[in-house]
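Protein chains in written order, with the working numbering: chain A, 1 to 105; chain B, 1 to 105.
The set of hints was computed from the structure by calculation and includes no laboratory data.
Accuracy of the hints is not assured; some may be wrong.
Any copy, or any two copies together, can satisfy a pair, since identical chains are not distinguished.
[Stated by the list, open to error] For lysine-lysine, the following PhoX-like pairs were computed, each having C-alpha atoms within a straight-line distance of at most 20 Å: (1) LYS3 x LYS74; (2) LYS3 x LYS92; (3) LYS2 x LYS74; (4) LYS18 x LYS29; (5) LYS74 x LYS36; (6) LYS2 x LYS36; (7) LYS92 x LYS29.
There are 2 protein chains.
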Amino acid sequence: MKKIALYEENDFAEQGLKRLLVHDSPYFKILNFNFKAGQELPVHSHQIEGQVSLAVLEGVGEFLGAGGATLPAKAGDVLISDIAEPHGLRAKTDLRLLVTIAPPI
Amino acid sequence: MKKIALYEENDFAEQGLKRLLVHDSPYFKILNFNFKAGQELPVHSHQIEGQVSLAVLEGVGEFLGAGGATLPAKAGDVLISDIAEPHGLRAKTDLRLLVTIAPPI
Numbered sequence: 001m002k003k004i005a006l007y008e009e010n011d012f013a014e015q016g017l018k019r020l021l022v023h024d025s026p027y028f029k030i031l032n033f034n035f036k037a038g039q040e041l042p043v044h045s046h047q048i049e050g051q052v053s054l055a056v057l058e059g060v061g062e063f064l065g066a067g068g069a070t071l072p073a074k075a076g077d078v079l080i081s082d083i084a085e086p087h088g089l090r091a092k093t094d095l096r097l098l099v100t101i102a103p104p105i
Numbered sequence: 001m002k003k004i005a006l007y008e009e010n011d012f013a014e015q016g017l018k019r020l021l022v023h024d025s026p027y028f029k030i031l032n033f034n035f036k037a038g039q040e041l042p043v044h045s046h047q048i049e050g051q052v053s054l055a056v057l058e059g060v061g062e063f064l065g066a067g068g069a070t071l072p073a074k075a076g077d078v079l080i081s082d083i084a085e086p087h088g089l090r091a092k093t094d095l096r097l098l099v100t101i102a103p104p105i
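This is chain A alone, in the form it adopts within the complex (with noise of 0.2 Å):
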């Protein structure tokens, strides 16, 4: 059992997105990322197995999908995607998200 404090263990960046890796285990990876308004988790793939999920933590911005298809995205709003199938993320307002990746990649 162990807790990470996203709040207190990563922070923003003006250069890009911060990254921080919150577990990586045989069974799912966790990753946050925190966004400056206007930074971008540009639309990518992984032609493997799985499934990841885009949780907002807080603040706005636009999920973002194949061929430029956008969805709304905010605190408490969960995006689901094959690991196959193009998603990203740019934020409108600084923004807090949390990856889970299973199987971790």
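Keeping the supplied structure of chain A fixed, place chain B upon it in accordance with the hints.
Chain B in isolation, oriented as in the chain A frame:
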């Protein structure tokens, strides 16, 4: 790809914690539990392989462990536990929790 807006799709209840199944797949199971102040997910465990993450989206409380152990829990705190290890949560204020179980139970 699907989006779930937890703050709109789940609310709180005086009778007990409100449970929302967010996602269930061969890769992981995601649940949202909303607690009114004072409500509790009692300490429990299952003798199976895998791990669970408990991410506090909003509110203040305590993570619960074996033998009466507690750890402060607040927004942005993530607890990782083996499914086989005792874990739970007690809310001190209204609290929103995102639970991810991999592999799914």
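Do the hints match the structure? See the list:
1. LYS3 x LYS74: between (24 Å within a copy, 11 Å between copies)
2. LYS3 x LYS92: Cα proximity of LYS3 and LYS92: across copies only (18 Å, versus 29 Å in one copy).
3. LYS2 x LYS74: This pair counts as between: shortest inter-copy Cα distance 14 Å, intra-copy 27 Å.
4. LYS18 x LYS29: within (17 Å within a copy, 27 Å between copies)
5. LYS74 x LYS36: Intra 14 Å, inter 22 Å, cutoff 20 Å: intra-copy only.
6. LYS2 x LYS36: neither (28 Å within a copy, 25 Å between copies)
7. LYS92 x LYS29: neither (26 Å within a copy, 29 Å between copies)
Consistency note: the structure conflicts with the earlier hints numbered 6, 7.
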